[in-house]
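Enquirer: If you want the building blocks of each chain, they are given just below.
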Amino acid sequence: EAGVTQSPTHLIKTRGQQVTLRCSPISGHTSVYWYQQALGLGLQFLLWYDEGEERNRGNFPPRFSGRQFPNYSSELNVNALELEDSALYLCASSPDREEDTQYFGPGTRLTVL
Amino acid sequence: GNSVTQMEGPVTLSEEAFLTINCTYTATGYPSLFWYVQYPGEGLQLLLKATKADDKGSNKGFEATYRKETTSFHLEKGSVQVSDSAVYFCALNSYNNDMRFGAGTRLTVKP
Numbered sequence: 007e008a009g010v011t012q013s014p015t016h017l018i019k020t021r022g023q024q025v026t027l028r029c030s031p032i033s034g035h036t037s038v039y040w041y042q043q044a045l046g047l048g049l050q051f052l053l054w055y056d057e058g059e060e061r062n063r064g065n066f067p068p069r070f071s072g073r074q075f076p077n078y079s080s081e082l083n084v085n086a087l088e089l090e091d092s093a094l095y096l097c098a099s100s101p102d103r104e105e106d107t108q109y110f111g112p113g114t115r116l117t118v119l
Numbered sequence: 050g051n052s053v054t055q056m057e058g059p060v061t062l063s064e065e066a067f068l069t070i071n072c073t074y075t076a077t078g079y080p081s082l083f084w085y086v087q088y089p090g091e092g093l094q095l096l097l098k099a100t101k102a103d104d105k106g107s108n109k110g111f112e113a114t115y116r117k118e119t120t121s122f123h124l125e126k127g128s129v130q131v132s133d134s135a136v137y138f139c140a141l142n143s144y145n146n147d148m149r150f151g152a153g154t155r156l157t158v159k160p
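Residue numbers (the working numbering), protein chains in the order written: chain B, 7 to 119; chain R, 50 to 160.
Treat the hints with care, as some may be off.
Claimed, not checked - In silico lysine to any residue, SDA-like type, Cα no more than 20 Å apart, as pairs: (1) R:Lys101 / B:Phe75; (2) R:Lys126 / R:Asn71; (3) R:Lys101 / B:Asn65; (4) R:Lys109 / R:Tyr79; (5) R:Lys98 / B:Asn65; (6) R:Lys159 / R:Thr61; (7) R:Lys117 / B:Leu87; (8) R:Lys98 / B:Asp106; (9) R:Lys98 / R:Val131; (10) R:Lys105 / B:His35; (11) R:Lys126 / R:Tyr144; (12) R:Lys98 / B:Glu57; (13) R:Lys98 / R:Gly78; (14) R:Lys105 / R:Glu91; (15) R:Lys98 / R:Lys159; (16) R:Lys105 / B:Asp106; (17) R:Lys117 / B:Asp106; (18) R:Lys126 / R:Asp104; (19) R:Lys105 / B:Glu105; (20) R:Lys105 / R:Ser132; (21) R:Lys98 / B:Glu105; (22) R:Lys98 / R:Tyr144; (23) R:Lys101 / B:His35; (24) R:Lys126 / R:Ala76; (25) R:Lys98 / B:Glu104; (26) R:Lys105 / R:Ser143; (27) R:Lys98 / B:Arg73; (28) R:Lys98 / B:Glu60; (29) R:Lys105 / R:Lys159.
Claimed, not checked - From chain R, some residues computed to sit far from chain B (all C-beta separations above 10 Å): (30) Thr77; (31) Lys117; (32) Glu125; (33) Gly127; (34) Val131; (35) Asn142; (36) Asp147.
To be clear, the hints were calculated from the coordinates, so they are not data collected in a lab. Glycine included, each C-beta is placed from N, C-alpha and C at the ideal position.
Could you put the whole structure together from the sequences, leaning on the hints where they help?
Expert: Put into structure tokens, the structure is as follows:
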């Protein structure tokens with residue numbers, strides 16, 4: 007069974023630009039989660055989508071947004087990039103909104119110059 | 050709010066040594082508890098979990114017991130290997146699936 011996949015692997019952007027990260031959950035999983043792992047800040051919860059709807063949001067500004075498609079894949083969009091947005095962005099999935107175990111992808115490394 | 054505190058690293062051990070990484074939590078209700086491992090350049094892999102008090106999670110020689118009375122979920126392994134070198138994260142998940150992670154503990158095992 008294929009795990010959670012994310013693209014791209016690495017990304018370099020400049021301050022002020024916009025970026026889109028992509029995630030495909032494990033087949034059959036309907037819930038997708040996004041986390042930011044920034045140096046020195048640990049793992050912080052960003053967003054949770056289930057069945058196409060945003061279910062919960064972490065303490066991040068509105069320029070972090072996303073969506074979930076009918077096939078349950080998801081995008082994370084970050085507008086007006088700031089240097090502090092440089093981080094590893096991790097996507098996770100779970101079978102449904104009741105299952106509390108999350109399975110993580112390899113992440114997308116974003117560098118903002 | 051919910052939070053996890055885990056032992057600061059880094060931890061350096063010799064091969065075959067005993068490992069303990071401490072983890073305590075603060076939570077309302079009855080959260081599920083997890084240990085994840087992150088190898089260099091990779092995402093997080095689920096190592097083990099426990100969903101209720103006194104449950105013991107185990108995998109690959111690692112184990113942790115959900116202790117409600119001490120709000121702890123310490124990770125242990127009797128004999129570590131070089132291949133166990135990684136960063137270990139303790140985490141809890143309660144309602145609303147907002148999983149909270151500890152800061153991570155870097156383990157280095159030397160031959």
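Enquirer: Does each hint hold? Answer for all of them.
Expert: Status of each hint after checking the structure:
{"no.": "1", "hint": "R:Lys101 / B:Phe75", "result": "34 Å, violated"}
{"no.": "2", "hint": "R:Lys126 / R:Asn71", "result": "12 Å, holds"}
{"no.": "3", "hint": "R:Lys101 / B:Asn65", "result": "28 Å, violated"}
{"no.": "4", "hint": "R:Lys109 / R:Tyr79", "result": "26 Å, violated"}
{"no.": "5", "hint": "R:Lys98 / B:Asn65", "result": "26 Å, violated"}
{"no.": "6", "hint": "R:Lys159 / R:Thr61", "result": "7 Å, holds"}
{"no.": "7", "hint": "R:Lys117 / B:Leu87", "result": "42 Å, violated"}
{"no.": "8", "hint": "R:Lys98 / B:Asp106", "result": "10 Å, holds"}
{"no.": "9", "hint": "R:Lys98 / R:Val131", "result": "23 Å, violated"}
{"no.": "10", "hint": "R:Lys105 / B:His35", "result": "26 Å, violated"}
{"no.": "11", "hint": "R:Lys126 / R:Tyr144", "result": "30 Å, violated"}
{"no.": "12", "hint": "R:Lys98 / B:Glu57", "result": "25 Å, violated"}
{"no.": "13", "hint": "R:Lys98 / R:Gly78", "result": "17 Å, holds"}
{"no.": "14", "hint": "R:Lys105 / R:Glu91", "result": "26 Å, violated"}
{"no.": "15", "hint": "R:Lys98 / R:Lys159", "result": "27 Å, violated"}
{"no.": "16", "hint": "R:Lys105 / B:Asp106", "result": "17 Å, holds"}
{"no.": "17", "hint": "R:Lys117 / B:Asp106", "result": "18 Å, holds"}
{"no.": "18", "hint": "R:Lys126 / R:Asp104", "result": "17 Å, holds"}
{"no.": "19", "hint": "R:Lys105 / B:Glu105", "result": "19 Å, holds"}
{"no.": "20", "hint": "R:Lys105 / R:Ser132", "result": "23 Å, violated"}
{"no.": "21", "hint": "R:Lys98 / B:Glu105", "result": "13 Å, holds"}
{"no.": "22", "hint": "R:Lys98 / R:Tyr144", "result": "16 Å, holds"}
{"no.": "23", "hint": "R:Lys101 / B:His35", "result": "24 Å, violated"}
{"no.": "24", "hint": "R:Lys126 / R:Ala76", "result": "26 Å, violated"}
{"no.": "25", "hint": "R:Lys98 / B:Glu104", "result": "16 Å, holds"}
{"no.": "26", "hint": "R:Lys105 / R:Ser143", "result": "18 Å, holds"}
{"no.": "27", "hint": "R:Lys98 / B:Arg73", "result": "29 Å, violated"}
{"no.": "28", "hint": "R:Lys98 / B:Glu60", "result": "26 Å, violated"}
{"no.": "29", "hint": "R:Lys105 / R:Lys159", "result": "28 Å, violated"}
{"no.": "30", "hint": "Thr77", "result": "15 Å, holds"}
{"no.": "31", "hint": "Lys117", "result": "17 Å, holds"}
{"no.": "32", "hint": "Glu125", "result": "21 Å, holds"}
{"no.": "33", "hint": "Gly127", "result": "25 Å, holds"}
{"no.": "34", "hint": "Val131", "result": "22 Å, holds"}
{"no.": "35", "hint": "Asn142", "result": "4 Å, violated"}
{"no.": "36", "hint": "Asp147", "result": "5 Å, violated"}
Checked against the numbered hints listed earlier, the structure breaks hints 1, 3, 4, 5, 7, 9, 10, 11, 12, 14, 15, 20, 23, 24, 27, 28, 29, 35, 36; every other hint is satisfied.
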